[in-house]
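Q: Listed here are the chains, written in short residue letters.
2 protein chains.
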Amino acid sequence: MTTKQETVKVGLVGFGTIGTGVAKLLLNEKKLMAQRSGVDLVLARIADLDTTRDRGVPKAMKILTNSADDIINDPEISIVVELVGGTTYAKTLVEKALNAHKNVVTANKALLATYGKELFDLARANGCTIAFEAAVAGGIPIIAGIGQSLQANNIQSIRAILNGTSNFILSTMEETGADYDATVKEAQRLGYAEANPALDVNGSDAAQKLAILAHLSFGAIVNWKDIPRVGIDVVQSVDMYFAKQLGYKIRLLGVANNTKSGLELSVSPTLVKQGTNLSNVSGAFNAVRVVGDAVGNVFFYGKGAGELPTASAVVADILDTAIGRTAITFKTLNLWGDERPAAPLRNPDDVEGRYYLRMDVADATGVMAQIADILAKSSISIASLLQYGNGNGKSNGTVPMIILTHGTNEGAVNQAIEKIKALKCVKGAPVKLRILD
Amino acid sequence: MTTKQETVKVGLVGFGTIGTGVAKLLLNEKKLMAQRSGVDLVLARIADLDTTRDRGVPKAMKILTNSADDIINDPEISIVVELVGGTTYAKTLVEKALNAHKNVVTANKALLATYGKELFDLARANGCTIAFEAAVAGGIPIIAGIGQSLQANNIQSIRAILNGTSNFILSTMEETGADYDATVKEAQRLGYAEANPALDVNGSDAAQKLAILAHLSFGAIVNWKDIPRVGIDVVQSVDMYFAKQLGYKIRLLGVANNTKSGLELSVSPTLVKQGTNLSNVSGAFNAVRVVGDAVGNVFFYGKGAGELPTASAVVADILDTAIGRTAITFKTLNLWGDERPAAPLRNPDDVEGRYYLRMDVADATGVMAQIADILAKSSISIASLLQYGNGNGKSNGTVPMIILTHGTNEGAVNQAIEKIKALKCVKGAPVKLRILD
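Order-wise, the sequence lines are chains L and S.
Residue numbers 2 to 438, in this note's numbering, belong to the letters of the first sequence in order.
Residue numbers 2 to 438, in this note's numbering, belong to the letters of the second sequence in order.
Think of the hints as simulated: they come from the structure by calculation, not from any bench.
Just to be clear, a hint being listed does not mean it is correct.
One copy or two, either will do: identical chains are not told apart, so a pair holds if it fits within one copy or between any two.
Claimed, not checked - Below, computed lysine-lysine pairings styled on BS3-like, alpha-carbon distance capped at 25 Å: (1) K420 with K10; (2) K378 with K186; (3) K10 with K332; (4) K245 with K274; (5) K92 with K118; (6) K245 with K32; (7) K332 with K31; (8) K32 with K261.
Here the structure is a predicted model, which means the values were calculated and not measured.
Same shape as in the complex, but just chain L (with noise of 0.2 Å):
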C-alpha cells in the first residue's frame, strides 16, 4: 500500500505457551501481518508474573511487563488478547478490558462456557467485541466454519473429538496395549498431559468446548456442567481389546443432536467404527464432524492445542478485529444475546443410542442369565454379547463380559446399571461407552 497503514496497538496478557506463540507470529511476521490485514499491527505491551523467563522471543522482553493494568490503562491498545487461563483472574481482566472500551481475543474455554452471557452483555453494553476462534479445536477454524461459513444451514448435529490429551491418551493405548495408569504418566512426560489431567480426562474440558458449539450452532444456553459427561479414566486396556475385535476404536466424543425433542448434548468415550475419519484421529489432534441440513456432511480436522496451531487462530481473530470483521461477524452472531432463538434441551434419560458395558463378573454360572434378566425388564436388547473365561491364571475370580446393546436411551442404561452393580456376582461398577454407528 503506499497510503499510510493505520497503527492498532494490541496488549497480550499471559505470557505462556500460546501467548509465546502469538508473541512470535506478531513480532516476527510483521511484514506477513501489514499484507494480511493492512493495517500496521502493534504488539504494544505484554503481562505476565513471570517477566524474566527467556521464551525465546528476543523481542517480546523490552514490552514485558508484570502488570496487566499497564495494558488496561494504556488508551492506545484497542485490542486485549487473554491468555493466562481460569475462570477467576481470567474473569476480572476482560471485564476489565471491555470497560476500557478495547476488543478482547481469548483462547478461554472455561471462562466463555461459565460467563458467556456475562461477558457478551458487558461487551455489548460497551461497544466491543469478544473473539474466540482459539477456544475450541485450537487451530482448527470452527467457530468461524459455522458462526460464519455454515450460516445458510440448520446444523443438525455435532461430532468432535475436542480434547488432545485424551485423545493422545486413547490413541497411544491403542497403538502399545499399555493400560490407563501407564498412559497418562507417558503422556504427562511427553507434555501432552498435565501434571493434574483431571479436567482433560475427565471430560470437562470437552464438555466446556461442546457447550460453546452448542450455543453457536443451536442457540442453546447450556451450563457445561449439566451436559452428561465421562471421562477416559473409566477406560482399561481389555476395551481397548473388545473394541478392537468388534471393529471399532474408542474416542472420547462431544456429541450434539438437534433433533425435533429438543438437544441432545453428551460427551463419551465412544466406540466409532474403524476406518471412518473419526476414527482415524490420532495422537493430540482434534477433528469436528457438523452435519448441515443444506451442505450435510462437513470434517474439520487439525491441531487442537499446541503453541503455534492455537496462536494461529488467536492471531486470526486479533487481525479480524483489526479490520473489522469481527464487530460485523460479533454483531450478527449476537451470542448469548437475549433476542437469539434458543433450542430446548432434552432430558438427558430420554437420548437414543447404542451402548457399549462392560462388568467384571464372577466366572460362574447363572450369572448371565441375571444380568439378562435386569437388561430386559428395562427393555434393553443385547445385540453382542462376549464373556471370555480365564485361561491366563491371573484371575481373581471374575472375568470381563461385554455387553453391546440395541438401541436403547440413557435413562434405561442407566437404571440397568444400577441394578447390575448390586447384584453380588459383579465387581464393582460397569463401564459405560457410548457406541457411534
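Starting from the known structure of chain L, fit chain S onto it as the hints suggest.
A: The following block gives chain S in isolation, referenced to the frame of chain L:
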C-alpha cells in the same frame, strides 16, 4: 430484532441445479436468513432462458424472467448471483453487474481462473465486491478457511481432491473392479458425470480450482492452462489392481508446494497411501489438506458439488455480502491486485517426486534391460518393479510392467517416457501417475 431490518435485494442469474438450491434456501428459509444476517434478504428476481420448467420451488416462478437485464437494470438489487457457468456470457453478465455497481457472488471457477484479474480490477474500479466460496470445493469452506481463518500462516502446501466426478469414477473403479469406460457410463447414468465429462476427467476443472487456491494462498497469478495436468482417463483397472497391492489408492490430486525454488503446481492421478484422510475420500466428495507454517496440517472434507451443498456456500457469500463482511475481506485479500506479492512458479520439469509408471511390454527377454537402461541414463532409480506373466490366455503378446521410482524430477521422467515410448518392445505410451508419500 425490534428495530426494522434493512432490506437487501438479490438477483439470481442461472436457474439450474445450484440456482435451484439457492432459491430454495433464500425463499423457503427466510426466517433463518434474517436471523443469521440481521437483514431482510429478498430474492427479488431470477433470470433463466427456461422460464417454464418446474424446479420444485413454487415461490420462484413468480419472480422468474428470461432476461438478466431485468436484474441488471433494477436499481434496488444490490447483489447479483452468477450461476450460469462458462466464460462467455458469464463474463459479460458479471461485467454488466459490476458496471451497474452491484456486488457479485459466483460459483464459477472457470471464469475466475481465466478472467480473475480483469474482473477483480473492474470490481475495485466500481467499488464493488466479488465473492466465490462456492467456486472451489462446493460446500467446503476452503476460501474462507485459507483467506480468513489461516491468515496468520504462510501456507506451505495444499493437497486437494477438487473434482467430484473424477473421485466418484476412481473410487467406483476401486470398489467394483470395472474398467474406466464402463465406470464413466455408470457415472453418467447416476448423474455424477455430464454427457461430455471431458473438463472433469481430463483435470481441467481441478486445475482451474487449484489456480484459484494458488492465487489465494501464495499470490501466484497463474494461467490454469499452464498447470501440468494428467486426467483420470489414463487410469485403467490394472492400475487400480497394482495400486491396491502396493498399499495405495488412486486419487486425482491437485498439489501446490511452496518451495524455496518456487511454487510447484500440478494435477495428476496420484497414488495415496491407504488409511490416510485423502485416501478415505470416496464418491463425489471433495477434500483439501492445507499445511500452514503456524497451524500445521488442517484437513477439510465435504460435498464438492450438488444442489444444496453448493448453495450453502453461495448463500453464505450472499449473507456475507449483505452484512458487509465481504467488503472487508475483498479489500484486505486484494486478490489479483497489483500490490499483492506473487510467488514465482517453478519450472515444472524441476518438480521432485516419486512416480508410478505402467507400460505394456512384449512378454520377451531383454525388455526389462532396455527399460532399465533408459531409466538409468535419466538418473532415475527404481524403487519397485512388478511384472506379471500372462497366464490368463488373454494376452495380445504384451504384459503390464509397473515401475515405482525413487525421488526424481518430472523432466527426467518425461524424457525417459519419450525414449521408452520409442522402444519396439513397448506398446503405446507409458502411463505416469504421481506418488504421494
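Q: At most 25 Å between CA atoms: does that hold for K245 and K274 within a copy, between copies, both, or neither?
A: Classified as both; 9 Å inside a copy, 22 Å across copies.
Q: Can you tell me if K92 and K118 fall within 25 Å by alpha carbon in one copy, between copies, both or neither?
A: Only inside one copy: K92 and K118 sit 12 Å apart there, 47 Å across copies, limit 25 Å.
Q: When Cα atoms must be at most 25 Å apart, do K245 and K32 count as within-copy, between-copy, both, or neither?
A: neither (50 Å within a copy, 46 Å between copies)
Q: Could you figure out if K32 and K261 sit no more than 25 Å apart (CA to CA) within one copy, between two copies, both or neither?
A: Only across copies: K32 and K261 sit 18 Å apart there, 50 Å inside one copy, limit 25 Å.
Q: How would you classify K420 and K10 at a CA-CA limit of 25 Å: within, between, both, or neither?
A: neither (61 Å within a copy, 62 Å between copies)
Q: What label fits K378 with K186 when the C-alpha limit is 25 Å: within, between, both, or neither?
A: For K378 and K186, the Cα distance exceeds 25 Å both inside one copy (42 Å) and across copies (54 Å).
Q: Between K332 and K31, at a C-alpha cutoff of 25 Å, which is it: within one copy, between copies, both, or neither?
A: Intra 29 Å, inter 19 Å, cutoff 25 Å: inter-copy only.
Q: Between copies, within a copy, both or neither: which fits K10 and K332 at Cα up to 25 Å?
A: both (22 Å within a copy, 21 Å between copies)
The structure does not agree with the numbered hints 1, 2, 6 stated previously, though it agrees with the rest.
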